[in-house]
Amino acid sequence: MILFIFEGKNDEPRLYKTLKEIFHFELNEEEIIHYYCNNIFSLYDTLKSYAEDELDDSVDLVNVLKEDAITHHKTNTELERIRYATEVSEIFMFFDYDIRKQDEKNKLSIEQQNAKILELFNYFENGSINSERNGIKLYVNYPMIESYRFFKKELPDEDFKNYTFDLMSEKSFKQLVNEESFYQNLKYLCFDMKKSGELKNTEDEGRIDIIRQNWLYLKELNIKKAHFICADDYSIPENKDTISQQTIFNKQIEKYVTPNHEVSVLNAFPLFWFEYIDEQKIN
1 MILFIFEGKN DEPRLYKTLK EIFHFELNEE EIIHYYCNNI FSLYDTLKSY AEDELDDSVD
61 LVNVLKEDAI THHKTNTELE RIRYATEVSE IFMFFDYDIR KQDEKNKLSI EQQNAKILEL
121 FNYFENGSIN SERNGIKLYV NYPMIESYRF FKKELPDEDF KNYTFDLMSE KSFKQLVNEE
181 SFYQNLKYLC FDMKKSGELK NTEDEGRIDI IRQNWLYLKE LNIKKAHFIC ADDYSIPENK
241 DTISQQTIFN KQIEKYVTPN HEVSVLNAFP LFWFEYIDEQ KIN
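With the first letter of the sequence shown counted as 1, position 181 gets the number 181 in this note's numbering; the numbers rise by one all the way through.
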């Protein structure tokens, strides 16, 4: 089984399911989708509550998620299909960076928030689902999932390379996107989705062509920008490890967050596509 854990239950599944539909990729194993419906810091605190000290292999991610879903009465029942954690061979997690400035509501400094995310990266990188395979991967949207829409002109918007978000801003990133983005909804990139989770109107050839081209633009712009963040090289990297998720995180801190209290806008789904889906097709 391959487990996908999305922070939200709206944009993330539409993006993922449209990507699968448009480019016709199939997983080699059964797919489970779980909507966490909370942020990355809630995930950290939940996992940490099961740890004696640092997060390590003693914390079983799958079983923690199952217990958390029961405790908080989460309506998504996909996790019930997993009888044993060892049935899961790979886990892909998609969460927002969503760092907040310190104030009365948020008691943690930016540095303390980043330390929590770094501990999660180290846990997922070094932890394992079972004794035979290490397959947990955390993908992060900077600063939030709405980074898929932060283009100030029609695609391809090469200025995307320089778009950042001020973490000290009085406006939320969502507000900024709604005010400044050329695209005011997901229709340029996704099919609509029924309440059942199925996609609508997937046989409209004209719509398919538009969505396919926009995904290709999105992929190229985000991969090149990730390479620029990691290596100051605005091009498609030859080695995918050059733009690993933890490298991107570390470079975001070094180049943007620490000196300027800003983050370089970047979306995780094109990077997942580049790193995982393309590899699957090659294999």
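One thing to keep in mind: the hints can contain errors.
[Claimed, not checked] Below, simulated PhoX-like cross-link-like pairs (lysine-lysine); rule was C-alpha separation at most 25 angstroms, straight line:
(1) 171 to 20
(2) 161 to 174
(3) 171 to 101
(4) 137 to 66
(5) 174 to 153
(6) 171 to 9
[As the list claims (entries may be wrong)] Simulated restraints on C-beta separations:
(7) 78 to 259: 19 to 29 angstroms
(8) 30 to 63: 11 to 21 angstroms
(9) 58 to 205: 51 to 61 angstroms
(10) 104 to 179: 34 to 44 angstroms
(11) 58 to 118: 55 to 65 angstroms
Source of the hints: derived by calculation from the structure; they are not laboratory data.
Bear in mind that the values here come from a model prediction, so they are computed numbers and not experimental data.
A virtual CB, placed ideally from N, CA and C, is assigned to each residue, including glycine.
Hints and how they fare:
no., hint, in the structure
1, 171 to 20, "33 angstroms, violated"
2, 161 to 174, "19 angstroms, holds"
3, 171 to 101, "12 angstroms, holds"
4, 137 to 66, "18 angstroms, holds"
5, 174 to 153, "17 angstroms, holds"
6, 171 to 9, "24 angstroms, holds"
7, 78 to 259: 19 to 29 angstroms, "42 angstroms, violated"
8, 30 to 63: 11 to 21 angstroms, "18 angstroms, holds"
9, 58 to 205: 51 to 61 angstroms, "52 angstroms, holds"
10, 104 to 179: 34 to 44 angstroms, "26 angstroms, violated"
11, 58 to 118: 55 to 65 angstroms, "19 angstroms, violated"
In summary, the structure is inconsistent with hints 1, 7, 10, 11 from the numbered list given earlier, while agreeing with the others.
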